[in-house]
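> Same order as they appear, the protein sequences are chains A and B.
For the first sequence, our numbering assigns the number 7 to the initial residue and increments by one for each residue that follows.
For the second sequence, our numbering assigns the number 213 to the initial residue and increments by one for each residue that follows.
Not one of these hints is a red herring.
Rough simulated footprint, nothing fancy, chain B against chain A, three-plus residues with beta-carbon under 8 Å:
id: 1; region: 30-41
id: 2; region: 123-130
Here's a subset of chain B near chain A, in silico, CB distances under 8 Å, partners left out:
id: 3; residue: ALA224
id: 4; residue: GLY392
id: 5; residue: SER394
id: 6; residue: PHE397
id: 7; residue: TYR434
id: 8; residue: SER482
id: 9; residue: ALA546
id: 10; residue: PRO588
Computed footprint of chain B on chain A, listed as stretches where at least three residues anywhere in the stretch have a Cβ under 8 Å from a Cβ of chain B:
id: 11; region: 68-79
id: 12; region: 139-148
If you're looking for bench data, these hints aren't it; they were derived computationally from the structure.
Glycine included, each C-beta is placed from N, C-alpha and C at the ideal position.
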Amino acid sequence: MSVQWDEAEAREIVRRHEGREGRLLPILHDVQASFGCIPDPAIPFLAQAMNVTRAEVHGVVSFYHDFRDRPAGRHVLKICRAEACQAMEGEGLARRLLDRLGLEWGGTTPDGRVTVEPVYCLGLCASAPAAMLDGEPMARLDDGSIGEIVSEVSR
Amino acid sequence: MMMRFFVPRDAAARAVGADKVAAALHDEARRRGIEIQIVRTGSRGLFWLEPMVEVETPDGRIAFGPAKPGDAPGLLTAGASHPLYLGRPEDIPFLKRQTRLTFARCGIVDPLSLADWRAHGGGRGLERARSLGAAATLQEVAKSGLRGRGGAGFPTGIKWKTVADTVADRKYVVCNADEGDSGTFADRMLLEGDPFALIEGMAIAGLAVGAAKGFVYIRSEYPDAVRTFERAVSLAEADGLLGAAAGFDIEVRVGAGAYVCGEETALLESIEGKRGQVRAKPPLPAHKGLFGRPTVVNNVVTLATVPWILAEGAEAYSVLGMGRSRGTMPIQLAGNVRHGGLFETAFGVTLGELVDGIGGGTRSGRPVRAVQVGGPLGAYFPRALFDTAFDYEAFAARDGLIGHGGIVVFDETVDMMRQAGFAMEFCAIESCGKCTPCRIGSTRGVETLDRIRRGERVAANLELIEDLCQTMKFGSLCALGGFTPYPVMSALRHFPEDFVRRARAVAAG
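The task is simple: from the sequences and hints, build the whole structure.
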């Protein structure tokens, strides 16, 4: 994903949401979809475009877990750490997977292949432990799944 | 004759290979030159049997599961002798024992077919509301006894009446689909399995309170639900169910990973494009909600239940249940449970019956030690409290809550001090930061529990935890800080041995 700031593209995103009530979150989602993160120049740009202070935009960006200040790896693996997955020993499984990839929570492999993030519930709680790879749900994970996930993100 | 197959498209079915099963069925049929149709439905909610494939027969649908892609050749000609044969889904005890009102269509219809929806009773509630008019519709909802299924259990009829009676230039209906509680998935199943039920419920709410615009705030952790529901809204607009002619519009908003946005005022702030910080009440959202206008904020299940109430009458709903908990509740069995899934039933069934009888105990096969009811802010109950009836007041009387209806089962390997620590940690991660008891208290709670774990001044620190929980409970602005004491204190009260034993073991070296 590109991280190159492109003001014309950002202007086009803002234009798309013209007239919507409370449009900052939808705009930020689109900015992140285009640039892979919320790049630094986006803050003053959006502040000006929406006639609010930079502090207000920064406050919103930094409040929500989803918004990144730098792009993630090519693959994003979100592993559930909430209670239903804990009850199915999801923590141990997550640890073994992180070790296999040589990562800590929130980390990205040096080659930029994959970022592993915690998530608190994917709504797959009757089929725990669960995870989501690039937006695709995975459940009833076991040690066999670790190998599958590792080979999937190696592509 | 063309054979019809039904394979769920629900995220929990896709997560265990439903797409691959559907593709394998398709390929195998083509290879053999058999003409088949595969309908992608929502899930019936029997998740240990997913992917559950159903085949249409002259005697109704017959289910097979859990299916793997390799089962496709067999499934094309399968009968009662097939090893995955389950018979008629309605006869599977887990489904047979349910009273499915809100979830009547889920898992049966194609969620994006308006024709299917209408053929299964969709639209009748809105039609009746239109013929009754706003005042009588409000009365019907009030008479049904329906209470908010998001967790707070506030009477829906009173909330709607307050919004209806407040004069304003415009009003809103906001659907809270920020289902962040671990152990819950009822909202997700409805959004993916019967989205038109929610659209119909919101249109009825709009009619009843005089609102022309609705927002549905769906959490970003539910990409499948966002996709399906957005598509359903477009279809409803093209159909005239939504839009200018219908006098009601719906806009979908996607969250950004903040648990606290499930709190209604934080959710309103988030839709307005702000940090998801909780507002002090009063004013109530019903008086001054979204953009300062009177706003109905209801959970997905609450709104999706309204069409049934209007179609069948308040009386038919209110005869079910117990005490002040009327109607049905979609209970979600999750975690370490053998038969995990969605169980919609009238209020009143006991916790033990749900966990041991319907859930079949743990998936690991070890004894059940604790269950957490009502999400991360709900209490942990030991077996000794398994006679508690599933009812708002019965749980409150035992210092617990039913919340959004999730039950997470743990076996005997659970470490309750660790669960108490996690509750504080989760609160610290997700606190919006507006009030001190929640923002600071949760962090101090994590530190104090760590000290107990290390065996430092155990008795004094346990006392400190109790004191801290009192402060959080009574001093926090919303349920995040206010209810975090439930899992912490229940773990302490019902499982003291986990705190003292661990601490003693540490002290003994």
